[in-house]
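Colleague: So you can see what is in the structure, the chains are spelled out below.
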Amino acid sequence: MKDFLSKHGMWILAAMAAVAVLLSVLSYFASTSTLLRNAAGVALSPFRAASEAANRWLEDKRHYYQEYNDLVEENAALREEIAELRANARQVERDREENAKLRELIGLREQRRDFDFESAMILERSTSNWTRTLTLNQGTAHGVAVNNVVVTSEGYLIGVVTEAGLNWCTVQTIIDTDTELGALLFRTGDVVIAEGDFTLMREKRLKVTYLPPDTPLLVGDYIVTSGLGGYYPSNIVIGTVERVETDDDGLAQYAVLAPMCDFDTQTEVFIIKAFDIVE
Amino acid sequence: MLTRRDIIIKWSSYGVVSLGLLLLFSLTLRGTEILGVRMFLPPLLVGVVASVEDTRAGALYGFAVGLLCDLTLSGTFPCVYTLSFTLAAVCCSLLAKGVLQRGVLCSLAVTGLTFFFLDAFNMLSLWLRARAPFSEMAQLALRETVASCLLLVVCHPALLALHRKFTI
Numbered sequence: 004m005k006d007f008l009s010k011h012g013m014w015i016l017a018a019m020a021a022v023a024v025l026l027s028v029l030s031y032f033a034s035t036s037t038l039l040r041n042a043a044g045v046a047l048s049p050f051r052a053a054s055e056a057a058n059r060w061l062e063d064k065r066h067y068y069q070e071y072n073d074l075v076e077e078n079a080a081l082r083e084e085i086a087e088l089r090a091n092a093r094q095v096e097r098d099r100e101e102n103a104k105l106r107e108l109i110g111l112r113e114q115r116r117d118f119d120f121e122s123a124m125i126l127e128r129s130t131s132n133w134t135r136t137l138t139l140n141q142g143t144a145h146g147v148a149v150n151n152v153v154v155t156s157e158g159y160l161i162g163v164v165t166e167a168g169l170n171w172c173t174v175q176t177i178i179d180t181d182t183e184l185g186a187l188l189f190r191t192g193d194v195v196i197a198e199g200d201f202t203l204m205r206e207k208r209l210k211v212t213y214l215p216p217d218t219p220l221l222v223g224d225y226i227v228t229s230g231l232g233g234y235y236p237s238n239i240v241i242g243t244v245e246r247v248e249t250d251d252d253g254l255a256q257y258a259v260l261a262p263m264c265d266f267d268t269q270t271e272v273f274i275i276k277a278f279d280i281v282e
Numbered sequence: 002m003l004t005r006r007d008i009i010i011k012w013s014s015y016g017v018v019s020l021g022l023l024l025l026f027s028l029t030l031r032g033t034e035i036l037g038v039r040m041f042l043p044p045l046l047v048g049v050v051a052s053v054e055d056t057r058a059g060a061l062y063g064f065a066v067g068l069l070c071d072l073t074l075s076g077t078f079p080c081v082y083t084l085s086f087t088l089a090a091v092c093c094s095l096l097a098k099g100v101l102q103r104g105v106l107c108s109l110a111v112t113g114l115t116f117f118f119l120d121a122f123n124m125l126s127l128w129l130r131a132r133a134p135f136s137e138m139a140q141l142a143l144r145e146t147v148a149s150c151l152l153l154v155v156c157h158p159a160l161l162a163l164h165r166k167f168t169i
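Note that the protein sequences, when read in sequence, are chains A and B. Each residue of the first sequence is one higher than the one before, counting from 4 in the working numbering. Each residue of the second sequence is one higher than the one before, counting from 2 in the working numbering.
Think of the hints as simulated: they come from the structure by calculation, not from any bench. Among the hints, a few may not be true.
Label-pair distances were calculated between CB atoms; the ranges are [to be verified]:
| hint | chain 1 | residue 1 | chain 2 | residue 2 | range |
| --- | --- | --- | --- | --- | --- |
| 1 | A | Ala79 | B | Gly37 | 52 to 58 Å |
| 2 | A | Glu248 | B | Val100 | 43 to 49 Å |
| 3 | A | Asp217 | B | Leu129 | 54 to 60 Å |
| 4 | A | Glu76 | B | Ala159 | 52 to 58 Å |
| 5 | B | Arg5 | A | Arg97 | 53 to 59 Å |
| 6 | B | Cys80 | A | Arg97 | 40 to 46 Å |
Glycine included, each C-beta is placed from N, C-alpha and C at the ideal position.
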């Protein structure tokens, strides 16, 4: 091969130069690609296609990783933004709930300007099967005292404080067996007694005794605190009459009262620390 | 014969295990109702410990648990747990020493006895104050005892293992 090139190299070079000149002259005068060029292009096209495909694939990969990295960064930024927005939304929700409660309280305060309220959270519900009490997170340090009345944000009676510690107090709910309150039949103004009953306690109900003999009770009648004696504030809704039953001795009737509040779902309550006595 | 140090460690261990069981119970099963009633753990602790320890130690343990309950839980009258658990512990100890052999049946019996004392005081108190019907109260007491006995599955082995650790 080395001898061939050394012997005929000059001739080959001259031939190639002649072909190149010929092709140049032909391409100058022709309107389409020349045969040789066309042939070369046809021969090269698969390689070109393969090369292009490989390049495109590599470019795609490069773009993919580039975009992936960009997306990861964007995703992280968006996640942060979402977390921030969610935190804001939660705060807004909390603020709205607090606002609603405060509005209710203001409403309650506007209705009952004679009340001095203290808001409290329920820390514990009684675990015993024999009593129904709640433990709240406010105590004597906040001005809470025994016999303070506890109501919901809507103003429905929950119970009465029976024990007060420095930063806690125990509330005997209205369905507890020991509860006894002076009450009024709101529709007629008749004085009755609302008291806890052992059997009804399990149904989360209490009973109304000393019913007026000539006043028919209606289901849904409101029973409110009477305020007589000045121990508890007046006109706080205790519950509504659910049914009327006869005592075991068959002589007297009593009404079963459904409290307006749900003791199991309440989380925040209000303690009435002081009130004006309205006789 | 246990030394003073062993006795201190033993009763500290009883205290820690009892508080641990109470904490575990309050975190998991406190609101659970079985047979329409909530289970109540302290009488089981008193009954089981009193049945395996001597009368005086059992009574002291019952007194301590009762005092703790009176200080932290609501009762039908102020010292109901202290009174009933101390009395129950003495009776459980005597029953376990004189009549029954230590085991699951003994634990069941002493648990029932502790609930009997506690519920008897509860019933008497509610009857005197509110004339609550005895039949209703007895039913509640029975259901509470049966439901709470299920907790022996955890209490009995834990407390018995602790007792064995310090006696063998």
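Colleague: If a hint holds in the structure, say so; if it does not, say that too.
Modeller: Do the hints match the structure? See the list:
1. A:Ala79 <-> B:Gly37: 52 to 58 Å: For B:Gly37 against A:Ala79, whose Cβ atoms are near 53 Å apart, the range 52 to 58 Å holds.
2. A:Glu248 <-> B:Val100: 43 to 49 Å: holds (46 Å)
3. A:Asp217 <-> B:Leu129: 54 to 60 Å: Because 34 Å falls outside the window, the suggested range is violated.
4. A:Glu76 <-> B:Ala159: 52 to 58 Å: holds (54 Å)
5. B:Arg5 <-> A:Arg97: 53 to 59 Å: Distance hint for B:Arg5, A:Arg97 holds at roughly 55 Å.
6. B:Cys80 <-> A:Arg97: 40 to 46 Å: holds (43 Å)
Hint check: a violation occurs at hint 3 only; the rest are consistent with the structure.
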